[in-house]
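Q: Residue numbers (the numbering used here), protein chains in the order written: chain A, 108 to 767; chain B, 3 to 180.
Hints may contain errors.
As the list claims (entries may be wrong) - Residues on chain A that point at chain B, a partial pick, calculated with CB under 10 Å:
hint : residue
1    : Leu135
2    : Arg136
3    : Ala139
4    : Arg521
5    : Glu749
Hints in this document: simulated from the structure, not taken from any laboratory. Backbone N, C-alpha and C define an ideal beta-carbon position, used for all residues, glycine too.
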Amino acid sequence: MGDLGAISLWIGLALAAYSAVGSVAGKLRGSAALVDSGQAAMYATVVVLFVATLSLVVSFISRDFEIAYVALHSDLAMPDRFTWVAFYAGNEGSLLYIAMVLSVMSAIAVWRSPERFRDALPYTTAVMMLVLTFFLAVMSVMANPFDKLPFVPADGEGINPLLTHFGMFFHPPALMAGLIGITIPFSFALGSLLARKTGDEWVDPGRVWGIITWALLAGGLLLGSWWAYTILGWGGYWFWDPVENAAFMPWLALTAFIHSIMVQKRRGMFRMWNIALVNVAFGLALYGMFMNRGGSVPSVHSFGASTLGWVFLLFMAVGVIVPLIIFFWRYPLLKSAQNLDSMLSREAAFLVNNLLLLGIAFVTLWGTVYPLISPLTSGEEITVARPFYDQVNGPLMLALVFLMGVGPLLPWRRANWASVRRALAIPVGVAVLALVVLLAVGLRKEYALAGFGLAAFVASGILMEWYRGARARHRNSQENYAVAFLHLIWANRPRYGGYIVHLSVLMVALGIVGTSFFNTQKDVVLSPGETTTIENYEIRYLGTTVVPFSNRTEFISSVEVYRDGKLLDTITPDRAFYPDFNMASTRAAIRSTPVEDFYVVPSENLPDGDVGFRILVNPLIWWMWVAGPVMVLGTIVALWPEPSRVPARAPSRAPAPTAA
Amino acid sequence: MDGQTIFAVFIGAALGCFSLVMVGYAFFRGNEPNTDESSPVFPAADDGVGLESILDSIDTLELEHQLGNVPEAQYLELLESYRLQAAQAIKSLLESDSAPPELLLEQEILEARSAIPANDRPHEWVPCPQCDAPLPIVAQETHGGAVCPHCGASLAASPVDEEMPRPEADAPSQAPVR
């Protein structure tokens, strides 16, 4: 199957390059046939790359170790279910995955593009296919997943143990799809600039694809945090690792974009700003891919042995500079249809929200690249870590949460102070009440108080909006409150989908505040039968069972958990050692409730049977993981298509037949 | 060549042929313009996007008003502004070659009604207090907060419906919530 995969890649490369060139040439020469042919080539890449993907999957399933990539990322002991993970476990396979996703997204985006965007579509197709051409060229020439070994080894090297986790089925593919998916809204923006369609034609597809890629990145980031929490054994979920940051930054830029694009959709404003934002998001996505593939900052996530760094750096430079030139070329045409009526309006709130998000992205970028810059300024490499991000990003994030509460309560165009006071009265009252209660129970940490107070403010604002809407509908249509509420959401899907997503962000914020300010950690070595206490928990270590497997040895510890003297559970955290990789991997045992997680992970198994445990009590982190499905639900509601209320246009009137 | 290689070459050749057919088909189907209305590739017909956007804005305004986020005076002012924009958008659509049949029909009905002399109009019709356009009474009875579709004037206090309660300042109206 390796030969077929390699042939498919070369055909795909030819098709993508032809599609890019043919689309633009057809447009410039006014040849509809050439434009159609270019688009057909783009659709054909989906089929061809599907065959390439299938070839690699079959090679993994049949353990075709003649293919170097298969030999490097699987072995005979690997369960078949990990084939999907092994597929993108290395550089070459992940590039194929990215190319496949981009070709599918491009085909759907072009197929579903609005008719009024048709003039610009050849340019948009060309941009998408140029990006695809780059990935296919890199694969075909430098990182071919179908390269063969000069001999056939008896067994492969096996899959990286850290990847044999449920979260790995979704975290890397979601993040990679999100990063490459930014190409789609970017292509619509660039296509409209090239076609001199500098109005709002690209707004609808740009918004839809912006939200889709935003959701993919958000899901990927959350799943990655969950994976780190459960398998890495340090009890945390976010390390401000350069590659984590590389996915976080485009997510921030996209968050800004999907808010400000609503202003353009609604008011015809922020045209320049939106194009600039989607360019920034694309540039940051390219930076993320560069970091993953041989970027200059070391990371646990990157493909360490990759030699592709300079290629991606070059691509990033082109991907940032060329759109910038096109942007300034079309700058005089990018005039907004409206001006900002008032700073006390939803548009203004979105603008401030955008500035805060970009501020956080810039701070994160600065922290990520500072180790590279510091030797030039101070003569030594200085790495910034969590305290830097907490101090600088923390207040910005709090301000962002505050705006998340205020923005939706402001009307479009302008508000007056009286209506703002009335709208904010209940949320502010609830926030003050929450603060009074928290102070009364003895909470004195300023940031935590601010976090909880703002969460109460935003949540009450959202719930109040829901209640008012449902009440109005109930009064007018006599529907009961539940039905009225569901109809309200269904009739205003983008708005109420956004509220649901805001609630999920609040859940994440609750988890961050809880674990950042109130977690308790204890590292202890226990002999069998020994006990230790943490907060009001007591644990008794019973002993360890050693289970040998063909590729690893597992050390499964049994631990009894008591709370207030009462046995809650017997949990079994384990630690596995993989001799081929000289690597240990852990599985934390977590007793999770909405109030707090009780977390135990064996950090070291000593020869005499003693075990070093890391024990944590993490308050409110449960909410962070529940936020994922809620976010998905909100995104689906927001994206669910609405039928057009404007009748479809009549077919063009055909010219009258001439008399014979 | 072993069996697997022959298989790969065979499928690869088939893929190549498929690609050539896909790419070449556009040149052999008679140079149809890719802006063909019936092309299934572009099923969405959304010429009325300007109108759609304005209707969205009106819906949002109605909702904001229901939720108490927009004061009455501002609500009426914005509503009138959006309705004027909508009227302009409809006019543009009607003047274009691709006006939807539904709009053309409505336009004909409106013109026919306007052509009826005021004295001959049936009793179900009353003039707008501001622009004298004919308005059906039933519309006012069904929609308490209705406004004249021609000039945007509020009909809440029109002579035909003295009993209708006038909306209180800054209070949400009773128009249906979307």
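Q: If a hint holds in the structure, say so; if it doesn't, say that too.
A: Evaluated hints:
1. A distance limit of 10 Å between C-beta atoms decides the matter here; for A:Leu135 the minimum to chain B is near 14 Å, and the interface restraint is violated.
2. The interface hint given for A:Arg136 is broken, as the beta carbon of that residue sits about 13 Å from the closest beta carbon of chain B, more than 10 Å.
3. With a cut of 10 Å, the hint placing A:Ala139 at the interface with chain B holds, because the nearest CB-to-CB distance is about 4 Å.
4. Evaluation of the A:Arg521 hint against chain B yields a held restraint, the C-beta minimum of about 8 Å falling below 10 Å.
5. Against a cut-off of 10 Å between C-beta atoms, the interface hint on A:Glu749 holds, since the closest Cβ of chain B lies about 9 Å away.
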